[in-house]
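Trainee: Residues per chain, in single letters:
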Amino acid sequence: MNEKQHSIIERWERRWLGLASAMSLVFVILIAANLAFDSNNVVQLKQRANPAEILATDIFSNPGVIETSANKYRVAMVAQTFSFNPSEVRLPVDSEIEFYVTSKDVLHGFQIKSTNTNMEIIPGEVSYSSYTFKKPGEYWVICNEYCGIGHQNMLGKIVVLPKAVYAQEQANPVAEEASLGQSVFETNCASCHQASGAGLAGVFPPLKGNLAATSKLDGGKDYLVNTALFGLSGSIKVDGGSYNGVMPAWTQLSDEEISAVLNYAISGWGDDGVADITEADVAAARTNSYSSEDVHGLRQALGLE
Amino acid sequence: MSRKSKVFTGLPEKKLALAFILTAFAALFLGSNLGPFQAFNYAGLNIYHLKFMPFVNSYYQGLTLHGVLNALVFTTFFISGLLWYLPAKEMNIRPNMTFSWISYFVMLLGLVMAAVAILANTSNVMYTFYAPLKGHWGFYLGLALVVVASLMVAFEVVRMRQVWKKENPGKVTPIVTFMSVMLWLMWAIASVGIVVEVVVFLIPWSFGLLDGVDPQITKSLFWWTGHPIVYFWLLPAYVSWYGLMPKQVKGELASDSLTRLVFVLFLLFSTPVGFHHQFTDPGIPAGWKMLHSMMTMFVGVPSLITAFTIGASLELGGRALGGKGVLGWIKKLPWNDPSVAGQLMAMLLFIPAGAGGIVLGSFNLNIMLHNTAWIPGHFHITVGGAVTLTFIAMTFWLLPHLTNRKLFSKRLALGTVWSWFIGMIFFSTGMHWEGLLLIPRRAHISNMAENLQGVYAGAEFPMMLTGIGGGILWLSIALFFTVILGTIFLGKKDVDVPEVPFVDNKWASDTGLAAAMDKIWAWFAVAALLVAVVYAPTLYELFSTYVSIPGQTPW
Numbered sequence: 000m001n002e003k004q005h006s007i008i009e010r011w012e013r014r015w016l017g018l019a020s021a022m023s024l025v026f027v028i029l030i031a032a033n034l035a036f037d038s039n040n041v042v043q044l045k046q047r048a049n050p051a052e053i054l055a056t057d058i059f060s061n062p063g064v065i066e067t068s069a070n071k072y073r074v075a076m077v078a079q080t081f082s083f084n085p086s087e088v089r090l091p092v093d094s095e096i097e098f099y100v101t102s103k104d105v106l107h108g109f110q111i112k113s114t115n116t117n118m119e120i121i122p123g124e125v126s127y128s129s130y131t132f133k134k135p136g137e138y139w140v141i142c143n144e145y146c147g148i149g150h151q152n153m154l155g156k157i158v159v160l161p162k163a164v165y166a167q168e169q170a171n172p173v174a175e176e177a178s179l180g181q182s183v184f185e186t187n188c189a190s191c192h193q194a195s196g197a198g199l200a201g202v203f204p205p206l207k208g209n210l211a212a213t214s215k216l217d218g219g220k221d222y223l224v225n226t227a228l229f230g231l232s233g234s235i236k237v238d239g240g241s242y243n244g245v246m247p248a249w250t251q252l253s254d255e256e257i258s259a260v261l262n263y264a265i266s267g268w269g270d271d272g273v274a275d276i277t278e279a280d281v282a283a284a285r286t287n288s289y290s291s292e293d294v295h296g297l298r299q300a301l302g303l304e
Numbered sequence: 000m001s002r003k004s005k006v007f008t009g010l011p012e013k014k015l016a017l018a019f020i021l022t023a024f025a026a027l028f029l030g031s032n033l034g035p036f037q038a039f040n041y042a043g044l045n046i047y048h049l050k051f052m053p054f055v056n057s058y059y060q061g062l063t064l065h066g067v068l069n070a071l072v073f074t075t076f077f078i079s080g081l082l083w084y085l086p087a088k089e090m091n092i093r094p095n096m097t098f099s100w101i102s103y104f105v106m107l108l109g110l111v112m113a114a115v116a117i118l119a120n121t122s123n124v125m126y127t128f129y130a131p132l133k134g135h136w137g138f139y140l141g142l143a144l145v146v147v148a149s150l151m152v153a154f155e156v157v158r159m160r161q162v163w164k165k166e167n168p169g170k171v172t173p174i175v176t177f178m179s180v181m182l183w184l185m186w187a188i189a190s191v192g193i194v195v196e197v198v199v200f201l202i203p204w205s206f207g208l209l210d211g212v213d214p215q216i217t218k219s220l221f222w223w224t225g226h227p228i229v230y231f232w233l234l235p236a237y238v239s240w241y242g243l244m245p246k247q248v249k250g251e252l253a254s255d256s257l258t259r260l261v262f263v264l265f266l267l268f269s270t271p272v273g274f275h276h277q278f279t280d281p282g283i284p285a286g287w288k289m290l291h292s293m294m295t296m297f298v299g300v301p302s303l304i305t306a307f308t309i310g311a312s313l314e315l316g317g318r319a320l321g322g323k324g325v326l327g328w329i330k331k332l333p334w335n336d337p338s339v340a341g342q343l344m345a346m347l348l349f350i351p352a353g354a355g356g357i358v359l360g361s362f363n364l365n366i367m368l369h370n371t372a373w374i375p376g377h378f379h380i381t382v383g384g385a386v387t388l389t390f391i392a393m394t395f396w397l398l399p400h401l402t403n404r405k406l407f408s409k410r411l412a413l414g415t416v417w418s419w420f421i422g423m424i425f426f427s428t429g430m431h432w433e434g435l436l437l438i439p440r441r442a443h444i445s446n447m448a449e450n451l452q453g454v455y456a457g458a459e460f461p462m463m464l465t466g467i468g469g470g471i472l473w474l475s476i477a478l479f480f481t482v483i484l485g486t487i488f489l490g491k492k493d494v495d496v497p498e499v500p501f502v503d504n505k506w507a508s509d510t511g512l513a514a515a516m517d518k519i520w521a522w523f524a525v526a527a528l529l530v531a532v533v534y535a536p537t538l539y540e541l542f543s544t545y546v547s548i549p550g551q552t553p554w
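First to last, the protein sequences are chains A and B. Position 298, counted from 1, in the first sequence is what numbering that gives the first Met the number 0 calls 297; the numbers after and before it change by one each time, with no gaps. Position 414, counted from 1, in the second sequence is what numbering that gives the first Met the number 0 calls 413; the numbers after and before it change by one each time, with no gaps.
These aren't lab readings, by the way, just hints derived from the structure by calculation. Note that CB positions come from ideal geometry on N, CA and C, so glycine has one too. Treat the hints with caution; some may be incorrect.
Claimed, not checked - With a Cα cut of at most 20 Å, we get these calculated EDC-like pairs of lysine to aspartate or glutamate:
hint	chain 1	residue 1	chain 2	residue 2
1	A	Lys103	B	Asp210
2	A	Lys112	B	Glu459
3	A	Lys3	B	Glu89
4	B	Lys249	A	Glu95
5	B	Lys164	B	Glu459
6	B	Lys505	B	Glu89
7	B	Lys505	A	Glu2
8	A	Lys156	A	Asp254
9	B	Lys249	B	Glu498
As the list claims (entries may be wrong) - Derived, one-sided and incomplete: chain B residues facing chain A with beta-carbon distance under 10 Å:
hint	residue
10	Pro214
11	His400
12	Asn403
13	Ser445
14	Ala515
15	Leu538
16	Leu541
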């Protein structure tokens, strides 16, 4: 390259540098302009505090949907491994929906399919953003932040209804047919073990049939209560299949809820098990304070793999 | 005296550079062989329950191993070997070999600790290890040792440059050394975040000395390092593109001052952009996110300058080789040289990769794509494509140079780079596309309780592309390691041993702009100040509302 060529290259270089800088500036202006006109989906921090304090607030002590003013609704959800509570909400179309979401344990994601809502859910913080659904239909809520072995199953559902249908549902609520045990199961357990109790190959064992059999063993009942309360970790075998997922501890559920959900899982699918776990059984077991590895030991002591 | 010791007697640097680079490839071997399993997962094929791999218990453990070994370990070892060896060679200064060997062994110890922790199924926390997911202390301590060792290398390279400056008063640092020193200074500022995160919080926590940590703070500290670490990976590829490759194509460096300017800009702007990984985090105020988004747009500028300067440098080569017309010079480039062909393809991959990166850096667009499959799609054509393909291609001259053995098979080497290029195009096109359909990253979607097609409808075609890409890449890995092992064990001795292809830098000057940019400590201070300004207010706010969250191990 001679001097002349070099000076030509330098001249174009300066033009290119100007063009590149101008392009970046245009991008910055476009981003700022877009956000100035439409920033409903930009996450806001509503609270930063100890999770116990957050979960005790009015918003989260009983999560779900409430109408805060005309045509404006607040949805509160608690994310936990590996489900959203509540796992399904029903909302009217063309209404402003305010989402308040927090986490009980680890980081989770909250992304609503077919919308531009996407928030990180962090324990100790409350994430907020708002959205107005323009079309009725079913919208999946996806946890898009890795949260553990059952992460891929952490899904919620938003059912958006035409206004008239929503109003009718509110006026004539369908009688709550599900028992307490079934509703606790579907909120907390079904994302891993599935609503049918069939489990998931390799990770989460089937409960249908399996819990009924365990309930008949000597000491089986105590083991089931301890598992529900304190979780279970370590590889196990059920009906010849091995499973290495992790069962979280559920100490936050009440004695009534734990006994109901266990009785449901023992007999709820038409199995012939001994479904006689009482609140007193759960209250007594609470004082054990086992670790999830300890529960694995209890399992082996029962002669289960 | 054995032949091997004869090679290294005069040049003990070669032996250590080889140790760094071969250890990097050992990590890559294990890490990359897990990759196709993850690609098949995104094609809807669940292979994990078949127990092909006895030491991997779950998709998530395999993914953690893949990410840590490839993105953190392979890169750090390779870069530490390369950007320690090249400056020493260019300045003709002997490094302190004892100190440098210690840094190698510290890094090796770190690698072994982290790998054992993951293999034992104790630390399935991904390479981002977001608390309160809690790994084994060996995992955190291992990673800390890898980072500390890399900073020892940084120290040694900067020290060698100071020695050179003293011996050459009034002269400007040689170009490859200048680029390397800027990278190491950038890394010194960038790594502060991860060092504080791991040393102050995660290690004491994993030893049980802390009950909990604040997930928003540790995540923010992670991304303090987590974004510039991508420049820590990318800039060594730039060093090769600017400082070595023009020589390989009979070209020359088109502009000395612009090359230096690019590296100064990277020193300044690589780090104060980390919040663009946290646009959907509630705890970071929107105003600061916007500022980081702005800085991210401007860190695109040095890469755009690079496209020009490298393009011009290569064109000079193509024309010297007889190329005519507007694009005719491209055809004349030595595409039959695997080292050149691989790096040309790496550059091609970086064009869509850079565009996709600007999308992700945009505050508004990012919200749609955060944590979707778009992200791994993006970083497989950046670090997995542009960077890794450049490292692979460089190896085709570097390994013969370090071992005095002829490259085992030029044809297999060409096959490696082509299959890597094509495989990554398939894989990454599929992943970007799945991201647009909001399929999440890091999800074992081939083993869902819900019907996959019920939730992620319409994704069959991109999923197929991802799977095909994974298969092609597996072939590429097999070819690459055949070439590596073939060269080491079967390569002809003392034949065609290439020298380091340092570029002809005719337009270098010891005055003016180049001299101003050689005041590295002034630039270092400005860069540190910039980072302090964009991080301090938010971190102060977060620390003053500290929340302690206990650890969880849900795997």
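Trainee: Look at each hint and say if it fits the structure.
Mentor: A quick look at each hint next to the structure:
no.	hint	verdict
1	A:Lys103 x B:Asp210	holds (16 Å)
2	A:Lys112 x B:Glu459	holds (17 Å)
3	A:Lys3 x B:Glu89	violated (29 Å)
4	B:Lys249 x A:Glu95	violated (64 Å)
5	B:Lys164 x B:Glu459	violated (59 Å)
6	B:Lys505 x B:Glu89	holds (16 Å)
7	B:Lys505 x A:Glu2	holds (11 Å)
8	A:Lys156 x A:Asp254	violated (28 Å)
9	B:Lys249 x B:Glu498	holds (14 Å)
10	Pro214	holds (5 Å)
11	His400	violated (27 Å)
12	Asn403	violated (34 Å)
13	Ser445	holds (8 Å)
14	Ala515	violated (17 Å)
15	Leu538	violated (14 Å)
16	Leu541	holds (8 Å)
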